[in-house]
Amino acid sequence: MNDEEASHLLERLADHVPVRPVPTETLLRQGRAARRRRRRLSVFAATAAVAVVLGGGAAAQGLRSGSGDVGQAPPATPSTAPPGTAATSATATPDKPATDRTGALPEGGMIDCVEGYSPDAVARRAFAFDGVVVAIGPARSNRPGMGQLDLVAVTFTVGEWFAGGSGPSVTVDMYPAVDIEGEVAWAIGSRLLVSGGPRWGGAPLDAAIAWPCGFTRYYDPETAKSWRR
Amino acid sequence: MERDEDFSAYASARWPALVRSAVLLGCAVQDAEDLAQTALMRCYVSWARVVQADDRDSYVYRILLNAYHDSRRRRWWGEKPAADVPERATADVTGSVDAADAVRRALGGLSRVNREVVVLRYYAHLSDRQIAEALGIAHGTVKSRAARALTQLAADANLADLNGGAGHA
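Protein chains in written order, with the numbering used here: chain A, 1 to 229; chain B, 230 to 398.
Fair warning: there could be bad hints in the mix.
Unchecked claim - Reference listing, derived: stretches of chain A covered by chain B, where coverage requires no fewer than 3 residues with Cβ under 8 Å from a Cβ of chain B:
no. : region
1   : 9-15
2   : 23-30
Said to hold, decoys possible - The calculated DMTMM-like cross-link candidates involving lysine to aspartate or glutamate, where the alpha carbons are at most 20 Å apart (straight line), are:
no. : chain 1 : residue 1 : chain 2 : residue 2
3   : B       : Lys372    : A       : Asp3
4   : A       : Lys225    : A       : Asp150
5   : B       : Lys372    : A       : Asp120
6   : B       : Lys372    : B       : Asp390
Unchecked claim - Here's a subset of chain B near chain A, in silico, CB distances under 8 Å, partners left out:
no. : residue
7   : Ser241
8   : Arg249
9   : Val252
10  : Val274
11  : Val280
12  : Ala328
13  : Ala329
14  : Arg333
15  : Tyr351
16  : Tyr352
17  : Ala383
18  : Asn387
Read the hints as simulated data drawn from the structure, not as lab findings. Don't be surprised by glycine CBs; every beta carbon is placed ideally from N, CA and C.
Take these sequences, add in the hints, and give me the full structure.
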C-alpha cells in the first residue's frame with residue numbers, strides 16, 4: 001500500500017462522517033469564559049502568594065518575640081521510607097508518572113509569583129518534603145467569599161520531610177496536573193519535591209498550598225540535597 | 230474584535246477536518262465534535278500563542294491529541310480497567326457503506342500510536358516533521374510507525390476487497 005492509497009482509504013471513511021456547522025458562537029462564549037477564569041486564577045495566585053509571604057513575615061516577627069512558629073524551619077526528620085522505595089511503590093494508575101523529568105512543574109505561564117525560586121527561598125517556606133503522589137481529590141483550602149482557586153488536594157506518601165511536618169503522609173492543595181493545553185505534568189505515582197505554606201496563615205500545614213513558580217518540582221537527588229537544611 | 234474574527238475564520242476552516250480526524254482516531258461522531266470543540270476552545274484561550282506558532286496546524290493537532298488522550302484517561306478512571314481501551318460503540322455514521330466500515334475496522338486494528346500517525350499523515354496531511362512535533366516523538370519514529378501501519382493495513386482482511394482498487398477509484 002502506498003501513501004496515495006492510504007490517503008484514499010481514510011478519505012473513504014472521512015467522507016461518510018456527517019459534520020454539522022462549526023458552533024462558532026459556543027466556541028467564542030466558552031473561550032471567553034475560559035480566559036476570564038485564567039485571568040482570575042492569575043490574580044488569585046498572586047494574592048495567595050502575597051498572603052503566604054505576609055504570613056511568613058508575621059511569623060518572623062513572632063519568632064523574634066519568641067511566640068511564633070509559622071515559617072520556622074523545623075529540624076529535618078528521618079525518612080520514614082527510603083525515597084527510592086517510595087517512588088517505585090506507588091505506580092497505581094494508567095497514567096505514566098513523570099519519572100524522567102526534572103525541574104519545576106510546567107505551569108503554562110498562567111501564574112504570577114511574588115518570589116523567585118531558589119533553594120534559599122525554599123528554606124523560607126513553611127513546609128517542604130519529598131513525596132510520591134498517591135491520591136488526588138477536591139481542594140481543601142478554598143474558603144467561601146475569599147476567592148476560589150482552581151486547585152486539587154493531593155495526598156503524598158512522604159519519603160523525607162525537609163521542613164514543616166513529620167508524618168508518613170500529607171495532603172496539600174496544588175494547581176491541577178493538566179494545564180490549559182492538556183499537558184499532564186504529573187500523576188499518581190509521580191515523585192515530587194513540594195514546598196509551600198498555609199494559605200491563610202497558621203501552622204505550616206493549615207490549609208496547606210504547594211507554591212508554584214518552581215517551588216514544587218520533579219524529584220532529583222541534587223535538588224533534594226539542596227533542600228535539606 | 231480582531232481576535233474573535235481571526236479565530237472564527239480559523240475555526241470554520243479547520244472544524245470539519247478536526248471532527249473527522251477525531252472520528253478516524255476512534256471517536257464516535259458526537260465525541261469527535263466535543264473533542265474538536267475542546268481543542269478549538271483551548272486554541273482560543275491561547276490564541277496569541279497559536280498565532281505566533283511556527284506551525285499552526287501541528288500546534289492545533291497537538292492540542293487535539295492531548296484532549297483526546299485526556300478524554301480516554303478520564304474514561305479509564307470511570308470504567309473498569311482493561312489492557313486496551315476498546316473501540317466505542319458508535320452510531321453507524323457510514324450507513325450501509327461497507328467500504329467505510331471496513332476502513333473503520335482496519336483502523337481499529339492498529340495500535341493507538343500507529344493509528345495517530347496514520348491519521349495525521351494520510352488524512353490531516355501533516356508532514357513527518359509536523360507529526361513529530363504534534364506527537365512529541367522523533368522524526369524517525371514517525372516514519373517507522375507509518376511504515377508498520379501501512380504494512381498492517383495492506384494485510385488487513387477487512388480491506389481485502391478494497392486494496393486492489395484503493396489507489397485507483
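Each hint tested on the structure:
Note: the region 9-15 of chain A has 7 residues with beta-carbon separation from chain B under 8 Å; the three-residue rule is met and the coverage holds. Proximity of the region 23-30 of chain A to chain B, defined as three or more residues with a beta carbon under 8 Å from a beta carbon of that chain, is established by the 6 residues found. Restraint check: the Cα-Cα separation between B/Lys372 and A/Asp3 comes to about 12 Å, which is no more than 20 Å; the hinted pair holds. Restraint check for A/Lys225 and A/Asp150: the C-alpha separation of about 31 Å exceeds 20 Å, so the hint is violated.
Proposed proximity of B/Lys372 and A/Asp120 is contradicted: the alpha carbons are some 47 Å apart, above 20 Å. About 26 Å separates the Cα atoms of B/Lys372 and B/Asp390, which puts this hinted pair outside 20 Å; it is violated. Checking B/Ser241 against chain A by beta carbon gives a least distance of about 5 Å; that is within 8 Å, so the hint holds. The interface hint given for B/Arg249 holds, since its Cβ lies 4 Å from the closest Cβ of chain A, which is under the 8 Å cut-off.
A distance limit of 8 Å between C-beta atoms decides the matter here; for B/Val252 the minimum to chain A is near 5 Å, and the interface restraint holds. For B/Val274, the suggested interface contact is upheld, since its CB lies about 5 Å from the closest CB of chain A, less than 8 Å. Below 8 Å, beta-carbon pairs count as interface contacts, and B/Val280 has none with chain A, the closest being about 14 Å; its hint is therefore violated. Taking 8 Å as the C-beta contact cut-off toward chain A, the hint placing B/Ala328 at the interface holds, the least distance being around 5 Å.
With a cut of 8 Å, the hint placing B/Ala329 at the interface with chain A holds, because the nearest CB-to-CB distance is about 4 Å. A cut of 8 Å between beta carbons decides the hint on B/Arg333: the least distance to chain A is about 6 Å, and the hint holds. At about 4 Å, the closest approach between the beta carbon of B/Tyr351 and any beta carbon in chain A falls short of 8 Å, and the interface hint on this residue holds. At its closest, the beta carbon of B/Tyr352 sits 4 Å from a beta carbon of chain A; the interface hint therefore holds under the 8 Å criterion.
Restraint check, B/Ala383 versus chain A: the minimum CB separation of about 4 Å is within 8 Å; hint holds. Here the hint on B/Asn387 is broken, as its CB sits about 11 Å from the closest CB of chain A, past 8 Å.
Consistency with the previously given hints fails for numbers 4, 5, 6, 11, 18, ordered from lowest to highest.
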